[in-house]
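Can you build the whole structure from these sequences, using the hints too?
There are 4 protein chains.
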Amino acid sequence: MNRPGRTTTLRVGVIGAGIMGADHANTLRRAVRGAEVTAVADVDLARAEAAAEGARAYDDAFALIADPDVDAVVIASHDSVHAEQVVAAVRAGKAVLCEKPLAPTLAEGRLVLRDIGSTGEALLSLGFMRRFDAGYMQLRQAIDDGTVGPPVLVHNISRGVSGAPNATSEFSITGSAIHEFDVVPWLLRSPVVEVSWVAPRRSSEVHEGLQDPQLIHLRTADGVLSTCETFLNARYGYDIRCEVVGETGAISLTEPARVRLDAGRRHGIGYAADWRPRFADAYRIELQGWVDSVLAGEPTPLATGRDGVAASAVAEAVITSMHHGGSVTKVEQ
Amino acid sequence: MNRPGRTTTLRVGVIGAGIMGADHANTLRRAVRGAEVTAVADVDLARAEAAAEGARAYDDAFALIADPDVDAVVIASHDSVHAEQVVAAVRAGKAVLCEKPLAPTLAEGRLVLRDIGSTGEALLSLGFMRRFDAGYMQLRQAIDDGTVGPPVLVHNISRGVSGAPNATSEFSITGSAIHEFDVVPWLLRSPVVEVSWVAPRRSSEVHEGLQDPQLIHLRTADGVLSTCETFLNARYGYDIRCEVVGETGAISLTEPARVRLDAGRRHGIGYAADWRPRFADAYRIELQGWVDSVLAGEPTPLATGRDGVAASAVAEAVITSMHHGGSVTKVEQ
Amino acid sequence: MNRPGRTTTLRVGVIGAGIMGADHANTLRRAVRGAEVTAVADVDLARAEAAAEGARAYDDAFALIADPDVDAVVIASHDSVHAEQVVAAVRAGKAVLCEKPLAPTLAEGRLVLRDIGSTGEALLSLGFMRRFDAGYMQLRQAIDDGTVGPPVLVHNISRGVSGAPNATSEFSITGSAIHEFDVVPWLLRSPVVEVSWVAPRRSSEVHEGLQDPQLIHLRTADGVLSTCETFLNARYGYDIRCEVVGETGAISLTEPARVRLDAGRRHGIGYAADWRPRFADAYRIELQGWVDSVLAGEPTPLATGRDGVAASAVAEAVITSMHHGGSVTKVEQ
Amino acid sequence: MNRPGRTTTLRVGVIGAGIMGADHANTLRRAVRGAEVTAVADVDLARAEAAAEGARAYDDAFALIADPDVDAVVIASHDSVHAEQVVAAVRAGKAVLCEKPLAPTLAEGRLVLRDIGSTGEALLSLGFMRRFDAGYMQLRQAIDDGTVGPPVLVHNISRGVSGAPNATSEFSITGSAIHEFDVVPWLLRSPVVEVSWVAPRRSSEVHEGLQDPQLIHLRTADGVLSTCETFLNARYGYDIRCEVVGETGAISLTEPARVRLDAGRRHGIGYAADWRPRFADAYRIELQGWVDSVLAGEPTPLATGRDGVAASAVAEAVITSMHHGGSVTKVEQ
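These protein sequences, in sequence, are chains Z, U, F and G.
For the first sequence, the numbering used here assigns the number 1 to the initial residue and increments by one for each residue that follows.
For the second sequence, the numbering used here assigns the number 334 to the initial residue and increments by one for each residue that follows.
For the third sequence, the numbering used here assigns the number 667 to the initial residue and increments by one for each residue that follows.
For the fourth sequence, the numbering used here assigns the number 1000 to the initial residue and increments by one for each residue that follows.
Any given hint could turn out to be false.
Unchecked claim - Here are some chain Z residues pointing at chain U (derived, C-beta under 7 Å):
1. 200
2. 201
3. 203
4. 205
5. 223
6. 224
7. 235
8. 236
9. 247
10. 248
11. 249
Claimed, not checked - Which chain F residues stay away from chain Z? Per the calculated CB distances, all over 10 Å, these:
12. 782
13. 786
14. 855
15. 961
Simulated from the structure, these hints should not be mistaken for lab results.
Here a beta-carbon is modelled for each residue, glycine too, at the ideal position from N, C-alpha and C.
See below:
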């Protein structure tokens, strides 16, 4: 039993005080048991200070990593620096929750794993939050329970309101569809072995450099085919769907709205504007699971470094398919 | 104005007294204005008599076609004899509503059109009833109105409870997916120019000769990509879906259930067991539209012979893709 | 069997060429088998001519009733003249479909029944179209089948966009809630024996003379309690709901939309603006059922004159309750 | 800022180790930040020990209250002893979260408030968890925002699978409908001033001593009418609904299912078997809000003792109405 008045606390440093990092700091401070935010780092020190709410602020991620009052690190910095920060933090013996991606390319992701070794891997978790969304968890349970029979097809749809103005067709794959590349093999408990890519008509609402929407096929080792529509600029709302079709039934996510409105000749529910409200609860549960596992010295319930590399390998194969006219492409695992 | 007590009536002969033919005879007799069923033909005379309900019964389709009390013919016989019956009826100067397909193969369909010539074509309607389903009609109107912006993608799903025991992978395309091959270009007002085929994991519930489900891509001339999942043995219900994704929104069919049940810890709606209750109203409206246009001497509002040949051309290209490892295949129009 | 080229036709005269009468004439002419509109009457002759589309036009309902080319009469005139027109038509030996109400008051309705006698009653049908709505028919079938166990409660909601500008609290009962007064005993196969009335907060959007919304309780002889919310000016859409709560489950109407729209951060279906599109199919089926039964010389499948008087008796009791502070009031049957 | 490695923690004692108490202990231990369960009491010591998970176990609630390692107390014991435990805990200067009801009767509830005085009231929170359900919170926000215009009517439905075998008609009011008696004035920000009660047909599935379902009307001071159907033995599922009807629209709770299943000819969502999964998240948020407010020394965001007494006053008036043939009854506030 804990001594009254005192409890074991994980002292967390958050690297990156942008939207995602600030959200994580807030969630850790307000809704996660057993965590304390002791430091925040950002290249913009003022932003770090604002997010720190009185904790230490750094403009240097490596200084935060070295802080003895930081037991564990959340990495929510720019994608391009994830790899070096992960390596540094793991080498400093600190548990790390790194937002996806682990590294900008598959090759670099593999280098990180090689650099940190199996001991380092045990300290590393990847932030694929959909694994902690109540809907996805129920889909996975239903598959395990045989509720719809053995799966034959999975249909994924990922639509956003508006992508980043400079988003490229490749970014749509590595930055958005990568969530499906992680969640599909996690649902099916089977790795993606083959992919292909195809272009629907391009929306005239986006700049010429971006194919939006895109349609991707994933083949997992179990033979199941998964379709993934990724549409960054669907305009109407942030809409994430997943349907698992089995031999005897089908099961799918519902939009997690809690109220229904009748107004202006219409009946229905509202969409979130972006991923943050849609997955707020998934982030909270993910962070709690991470803190609990670190404090207990148990294996992470989150995606691992290897899961992150696997998703990057799928992304790379999809980009290859895109660059080769949609040809069916093997995933190098 | 019609003279009181009398009205112009189209005297219809129905060829084929199976489920579909008997349904059509009943609908014409009970729910279609301006039609009278004066004869029914079937190779099984007893079946013809049962469906005739007192009208003349034939065991020979050509005798029915020759009957002077038959002004117009509905062909709901076996697919293999549609072509010769269409040619005979049209040559006899009678309006024809032929259930899909016009002929078993694309080549034979084209021969029918050549044989009947443009005068004959004006007498011919094809039975693609989805064009008369309230949901599909609203989707088409919404596209025309720009409700969701210009379309970029269309997702079609067609699931049945159980296919015919001897259904082949080719039949799944020519007998079931052909509805999508007609409805997609009709919705988009653009012909299908290119297709490809891919196999999901095969359901272990079906015999080895059948790939079920199947996934088909259609590319229309406007650049829009349409996906078509066809699953004959989905077990859980007869479930037809169509979603049109546009540049600013998406619009989709709803299941046309009229009541919702709360029972046994579940809340929801029921599915039809097959296509007949699902599309009963579409059949009625189609038959009324056909009868009205024939009586008025106006062009058919139904699919034409050319539409039927166009759908067969798509089917043939999809089969070619299937036989060639899913390669992208041009449609010969 | 009918003689080829000819068929028995019911020659219908329509009295009242307002919205409802013109709709009925159109439906009879375009979508009902076995009917012909041979005459239309309206106090405004030009309106009668427009609705007649070439058939005879009268400015005198009694002249139409006397027309030998009119076999049967649809009465869609002003409520205040229904009674006298019904009596005249029935006395002329013509089948009558009278829009609700049969008469402005219960006493007058009873007089009509006395005047026409049992022979006349056999010629009379009342237009309570909800009995022919697919949803209500399925609710009734479900009750008969015991799908939800014996009913204990029925919840009815009837909301419109905007009531007539001069609508009174009494009109809300006799003109709108009367549909529930007919449909509830029809669903439960048990007459309404007791009622009470209560006022929610009055919408500030309506004039002072109108209590809107209203809430009414009906007790049927079987002990079941039915609640009826009537809200003429609900603004957001025409929304008709009915839920039957049984001992083991509940079953309710769904809104009969056929498409679902994703646009502007919302997902959902549209409402009809008023009762005509919502119940268009019910009207068609009701008219077909009426024509079929008259031609066949069979009892009407529609509501009868007695059903109409029963509904008026409920309305009168509800008005009494309203005038007496919501007291529980017996229905005089 | 907290000192690293240490954090302020609220040491909570839980009285009552039944289903509710054990749930609260678990939630506090696993999902609430800033709380520690230092003691559990139950008349059944073994049950207390099981729920304590290593913390101190008592068979005497007053011993737990006196424990210096208990800063705050959750009371989830039998309803009959809430009052004395609340008084004792408050007098000991400890913050209290008491499950509803505060006391078995209105008179006893008022005595508690008199006994503890205003200082004691500041320490007391009542466990009406629906105030922390995301759906109810959004309804309230929508009312505040004028999303549907000023409310005119609220429809509440509360259905369970099966009530306690010895439940009485009075218990249905004080133990179940009391949630609506709290949530309706909280939603509308207006107290209940008048009530009435009416009996639907009694379900034959329940024993004679219980009127189930029941229908209750509440009138709040703002003139809005709220209907409350309470059906303990609805069999089909645990189903909580609330619809707020305003002058320009309506807004209602959706069932918070996260997946939709297609199986066995049906499409839809599942119901919880009882209130615990349905409101699990509301309990967690309520407990977190309570702990945060106690640690911060801020007023409780939960229902207060006065709110609890107000709900009891409504319950008492409803019972009076039930005992007097459903007469409209004033609430003594």
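Practice task
Give me the numbers of the hints this structure contradicts, sorted from smallest to largest.
Solution key: Failing hints: none at all.
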